[in-house]
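*Asks:* The primary structure of each chain is shown beneath.
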Amino acid sequence: MVHGQHRSVATSYLPLDLERTDQARHTGAWSALRRAPRLLWPALWVVFGLLLLLPTASFLLLAFSPAAFGQGSEWLTLSPFLAALSGPTLRGLIDSFGVACATAALSLTLACGLAWLVQRTTLRAKAFWNLLIWALMLMPSYLSVVGWESLMEPKGVLDRLGLDAAGLHQLFFGPLGIVWVLATKGLPFAFLAVSAGMLGLGQQFEDAARVHGAGPWASIRMVLPIIAPALWSGAAIVFAEGMSDFGVASTLAAASHFPVATYTLYRAVGSIPIRFPVASAVGWFLILAVGLALIVQYRALNGRSFSIINGRTRPVAPRQLGLLGQLAAQMAVGGLFLVALGVPLLGAVSASLLGDFSGGFNLHSLTLATYQRVLSTPSLLSPVLLSARMGAISASAAIVLGVLLARILSRRQSSVSGRTADLLLLGAVALPSIVLGAGYIFAYNLNVLASIGLQLYGTLFLLGMAYAAACLPHTARLLVGPISQIQGSLLEAARVHGSGEAAAWTSTVLPLLTRALLWAWLYTFGHIVFELPISELLYPAGQQPLPVAVVKRLESYDFAGGSAMLLLTAMAMLAMIGLVLAVFKRLTPRGWQLQQKSA
Amino acid sequence: MKLASLIPSHPNSTSLGTGLALGASILLAACGSAATPAPTAPAASASTAATSSSVPASARPSADAGSASKPAASASTAAAASAGASAAAQAKPAAPVPLTLYAATGYDDAMAKAFQTATGIPVNLVADSTGPLLAKIQAEKNNPQWSMVWIDGAEAIAALDQQGMLLRGYTPNVDWSAQGKSLLPKNQSYFPMHVTVVGVLFYDSKNLSSPPATWQDLLKPEWKNMVGMNNPSISGPTYPFVAGVMDQMGGEDQGKAYFKQLKSNGLQVFNKNKDTLHAMDIGQIKMSAVQSSAGYAILDKNPTLKAVYPSKVVLLPNVMAIDGKAPAQVQAEAKQFAEFALSPKGQQIAADEARDGDSWHWPVLNGGKALPGMPDINSIPAAAVDPYVWGPKEDEINQWFTDNIVP
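These protein sequences, in sequence, are chains G and U. If you want this note's numbering, it's the position in the first sequence, counting the first as 1, plus 1005. If you want this note's numbering, it's the position in the second sequence, counting the first as 1, plus 119.
Hints were generated in silico from the structure; no laboratory data involved. Quick reminder that beta carbons are idealized off the backbone N, C-alpha and C, glycines included. It is possible that some hints are incorrect.
[To be verified] Taking CB as the label site, the calculated pair distances span:
1. U:A229 with G:V1344: 41 to 51 Å
2. G:L1386 with U:G288: 51 to 61 Å
3. G:V1344 with U:K305: 51 to 61 Å
4. U:Q281 with G:L1055: 44 to 54 Å
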């Protein structure tokens, strides 16, 4: 890839609203636009720098220089690293690495099967399964843990049904349970990444394999390497997520004798003596682990090009499932969701119902009156509304930036900046969000900034920035798959046929991307609404976002109120997702939905 | 608007590329539409508070602190009562500046609103659990944004004091009870607002008739597998309990030996108050050693639930401290807030506004009464731990507990 080429494609990414018109063509604005690429990418790096790099670097600096932000007296030291490499913190790091590897492998395996059934066969009720995937993605990992726990605890739901769950309980409160919950949490991510790969994979590859006499397994062996970028993208993000998850770390891992790195990091920050420098050193090791994972990924991909959607991509003929096949497929998918989603939800719900029969006091009683209370009490409802608004705004910002970043990432084979961005973004995923939250305080609560009137810390603006920044790595990685498969030749073809740059972009790239953008936006929105540590550390006084309000309710023993807020939000979000998808189907041109038929 | 000016809205900025501009404009929209104005001060101005008489609070009768029968004091009398001598002297002409309260106390919200109504001083509340509040305070060390912190447990506050972050030499001028006085640190860097106790054993009288009386009793075979407590690494108020029991046993080593014995007698450990109580609810354990406020809030609705105080339970002060680096006016207003919260009106709010938890406390003022159904605090065998001695050991002991006691 030559540099000039790179640039021309970059230009074509620009304007949605700056349609090239005859009047505009000769004006200053248009000529400025032509020059823009030269400024765009550096400007983009500045934005990423402020959003992600500066806060993260501030936090990571503390491991070497605690005195930099008043967290100690030493300006240059390595002692936080020594502290991080001893006792429980070291154990946490080793555990986390193992858990993340196992999680990525399990998640990816499940995702491949699921994606193949959904994208490549005539599986029935695809819309329903797609919705469940989103439900799974939106389910906070701690809720899943709570559900499993109430099922399997002594005198739990299973116990009361006369089933001995003691063995399962033992098994669940350890590495196996942790890996399972994290893998189901990562499954939607891996699924989307793999699906993106499969969507873009034209029929011709499978046809070619079959024509040459390959059986189904040989076809799979041939197809897998083609969608390898998507697989690796999925595995990498599940791995990094597994390293950084806090919901499971703070519940399952903390309760069993299995300390993970996130938890030790959180403890260094959340219990006295508060030791940010040690937390920072743990952060370095998390990034190191992701760096290793990326090296493996680069080695595996070995610099090959993986753009596969081109002008000749042929529509897929989904594999016809016979009656038996359909039945088996439905049972497999249904079984997966039952265990991943149904069982924990069932546990959580049935526990609250069974509570009434235990004869004791019921901590979890949820009645319609509780919902009414939430909806009619301003102090309970306003956090829901605030988080919804912040989620919508920050998710939109993250999507715009995510597309641009994904483009840089999709060029990683040829560009140093792409590789750098890749490492930085995946590193950002691997760091628990408390790191970013604290980093924002260090970077944006400086006396210097305050003295020139830039007291950003404690404003909704900074909270919104942090939300966008926290999601950006996920969002960008979700979009890398779809974007990297679009070959430049598509755009060139459009240009040859007389389209302007902008028109070429809107008529070729945008339709292919819309669906991915839509899903990415919805995910990002959901992620932000439930983001706890960043909300806690950065929310402006007096304006509580939803997660903080829920924690506060739970802390003051209003379990019903807290749960009602959570469930109301989750339901509202699912309704919104349904609505957005319906609108998308109705409003977008038919051609844009071409891919949807296969999905 | 100040925020909007951060991003240049210069016509040429579009030339940077629509993508970037779009991203920026969305964030801009975020600040434009989402940034609601800071709460404005109510009409009642500082002058009400400042010019009002500065009757020494100690002279006030505070016998009615806990009684529910007294009608609420009017805003003006509350303001008068809350304006401590020092605060009134310093805050005379200046317009009120907003206070920023970092709090993890059940009735913090109600107190902040009442104070604002009474004095006209706006209070911006950051309400959260203790952990994140402490993390924020520590991270803000070079440029503190908080004016007051208000949480359960003095250990963390003592740790802040040891870093020189707190205002020293101030104690609210109120009629402290003997117990209240005993909880004041020598350097006057913080003060108690109320107390609860940890280690109180709640049990269901339907299942248990004669509960144990001392911690040593719990080691007897008859109590095997019957007791549950919280994990101090996860539950904030549980570390003081562990430290307190260790202190009573004669020190850290003896304390560790005791907990090991307790474990071999079947002690069960759950995450937090609610989990331990839940385990009792489902019959997994017969007794829960938890924080009194958690138990009494439930006991209120479940009369068969009873509380017993093994000798000795641990006093857990709910404490407030003021930012040592805050401007003088903020510090003066913060003192006003503290004295308001300890005034009869404030004590009424404390008793009324968090009936699902923190209202179930004991006041630290002479004549202060706990809610009906709670015993006299002086009848309870309780001791506090020295936060300056046990605070620094928190991380190490919690880790030991996780490694050795958590099953």
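*Asks:* Can you give the numbers of the hints that this structure goes against, from lowest to highest?
*Replies:* When the structure is compared with the hints, numbers 2 and 4 turn out to be violated.
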